[in-house]
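**Student:** Assemble chain B onto chain A, guided by the hints.
2 protein chains.
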Amino acid sequence: MTRLYDKVALIGLGLIASSMAHAMRRHGLAGEIAGHARTAETRKAALEIGIVDSVHETAADAVTGADLVVLAVPVGAMADVAQEIGPHLKPGCTITDVGSVKQAVIDAVAPHLPAGIHFVPGHPLAGTEHSGPYSGFATLFENRWWLITPLPDSAAEPTARLRALCEAMGANVEEMDAAHHDLVLAVVSHTPHLIAYTMVGVADHLRRVQQSEVIKYSASGFRDFTRIAASDPTMWRDVFLTNKEATLDILGRFTEELFVLQRAIRMGDGDKLFEYFTRTRAIRRGIIEAGQDTAAPDFGRGKAG
Amino acid sequence: MTRLYDKVALIGLGLIASSMAHAMRRHGLAGEIAGHARTAETRKAALEIGIVDSVHETAADAVTGADLVVLAVPVGAMADVAQEIGPHLKPGCTITDVGSVKQAVIDAVAPHLPAGIHFVPGHPLAGTEHSGPYSGFATLFENRWWLITPLPDSAAEPTARLRALCEAMGANVEEMDAAHHDLVLAVVSHTPHLIAYTMVGVADHLRRVQQSEVIKYSASGFRDFTRIAASDPTMWRDVFLTNKEATLDILGRFTEELFVLQRAIRMGDGDKLFEYFTRTRAIRRGIIEAGQDTAAPDFGRGKAG
Chain A
1 MTRLYDKVAL IGLGLIASSM AHAMRRHGLA GEIAGHARTA ETRKAALEIG IVDSVHETAA
61 DAVTGADLVV LAVPVGAMAD VAQEIGPHLK PGCTITDVGS VKQAVIDAVA PHLPAGIHFV
121 PGHPLAGTEH SGPYSGFATL FENRWWLITP LPDSAAEPTA RLRALCEAMG ANVEEMDAAH
181 HDLVLAVVSH TPHLIAYTMV GVADHLRRVQ QSEVIKYSAS GFRDFTRIAA SDPTMWRDVF
241 LTNKEATLDI LGRFTEELFV LQRAIRMGDG DKLFEYFTRT RAIRRGIIEA GQDTAAPDFG
301 RGKAG
Chain B
1 MTRLYDKVAL IGLGLIASSM AHAMRRHGLA GEIAGHARTA ETRKAALEIG IVDSVHETAA
61 DAVTGADLVV LAVPVGAMAD VAQEIGPHLK PGCTITDVGS VKQAVIDAVA PHLPAGIHFV
121 PGHPLAGTEH SGPYSGFATL FENRWWLITP LPDSAAEPTA RLRALCEAMG ANVEEMDAAH
181 HDLVLAVVSH TPHLIAYTMV GVADHLRRVQ QSEVIKYSAS GFRDFTRIAA SDPTMWRDVF
241 LTNKEATLDI LGRFTEELFV LQRAIRMGDG DKLFEYFTRT RAIRRGIIEA GQDTAAPDFG
301 RGKAG
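Taken in order, these protein sequences are the chains called A and B.
Numbered per this note's numbering, the first sequence spans residues 1 to 305.
Numbered per this note's numbering, the second sequence spans residues 1 to 305.
Please note that the accuracy of each hint is not assured.
[What the hints assert, rightly or not] One side of the interface only, derived from the structure: several residues of chain B facing chain A at Cβ under 8 Å:
no., residue
1, Y197
2, M199
3, R237
4, R279
5, T280
Hints are computed from structural coordinates only; laboratory data are not their basis.
Fair warning: this is a prediction, and the values are worked out from it, not measured in the lab.
Even glycine gets a Cβ: it sits at the ideal position worked out from N, Cα and C.
If we strip away everything but chain A, and leave its shape as in the complex, we get:
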């Protein structure tokens, strides 16, 4: 592979950033990788793993001379980081982020960037339930989407180069505008996560059913929910605070639908339930056909009455 950037600075060294470091090293995409993390423990870990060439106590230090700066911190921390690094950015460099929400990141970061800096926001739809520098691996982005939301005045070359980087790490890249990104993600990710968190919370509260039983008999429905609900709390807090409108919109539709089904259960309206459950099957087929999952039996993890 061709080197795409002479120096990359990773601000934040969690799952996404450490996976990018692994992938960039494996494919020779960056000449040098500098990293910054808030805690000394994380900085030490990144050096030990060997995914960065240097670590820096401040983000400002890390970005010095970098051709590409990646903001890989929780969405709520983006504004402070941008303010800190703004004056230290190399003229003409590209800056991107990996936040799960795009409009809020643009609002937080753009005002702090000097003229001549190319800001190209991005969001890799990839991850695991684990976090921290040790959770990264080089193939995390393979065959995953990486959504890029260029600004109206984004220059063509920096956007194309960032795209090439994502593709070289194995991702499929699509461009869209930030507001549309935020609505799509509210449907396919943010609201499902909130619901999963809620269901797991209900089980936790329940006194009549012992928690040990909930865990012991966690059939697929609930087990999948707990997997989702084990994701990084800071990241998800920030997602909901910063994609508030779209999430509340989808949540409103969700409770409306839920009440319709709840009423059908109460009234014993089997036809309505059957019709609804039949319709949702079609979407699943679409996802399998689109190659986003497989139809292989999910041994021991499937439906379980």
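**Tutor:** Okay, now just chain B, sitting in the frame of chain A:
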């Protein structure tokens, strides 16, 4: 393995019954297996796969001379089947079922059974999102729970023998009373399924986000939901109609909790969200420690912002 029953009759030849047939054959647990399914197509398939020795157009025919009768039909069909086979059951035989709800099955089946028949209701917590005779496989029950809910007057020997059968197919067996079973399942399976169906239905309705995009970018939250929401519609309709009270109870708690989180989002109460999301992580850890799932990174299927 020792043969446990000379003749087993499987009423219904879907995922669970065909998996039982595979498993009983592999371990030599039944001398002869007779099967009944409503459609000629399914009966033909079961013969072709070779999982049964004979198929019968009526359930009454299939149970003739059987030492164990397994009702593996949707919960809503149990009463009719029980009424039909009651007069044809071999005196002293054992009858069980695999329904996802237990009290409703007991109410539907018990009144139709002659004296001297041993009814031991059961529920294997195993399955995939697929259904029909071709979806079965011998290892479906391995290391899965099989809950048995004996009646107050159940005899010890028939219960112990059924237990031995389940264990020989690889399951871990626990006994509990029917009402408790139904509440536990409402928490760990039934309500999560209804929620997943609802969320997938919301996405289906959504006009601003094209369906193709929902499918294309289905990040883990939503993708896991569609997997759950692809389960057999007839089975799930019956689950909700027959475990109505417990499901409505848990649903009520769920919407209460959801409104608390929704309000926290609206008010921008990040502390509440963070505290909630931190607490739900602990339950996930419990499930991993209990061996019901693994902590291995779920490549490409985990959280995805």
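**Student:** Hint compliance check: list the failing hint numbers for this structure, sorted ascending.
**Tutor:** none
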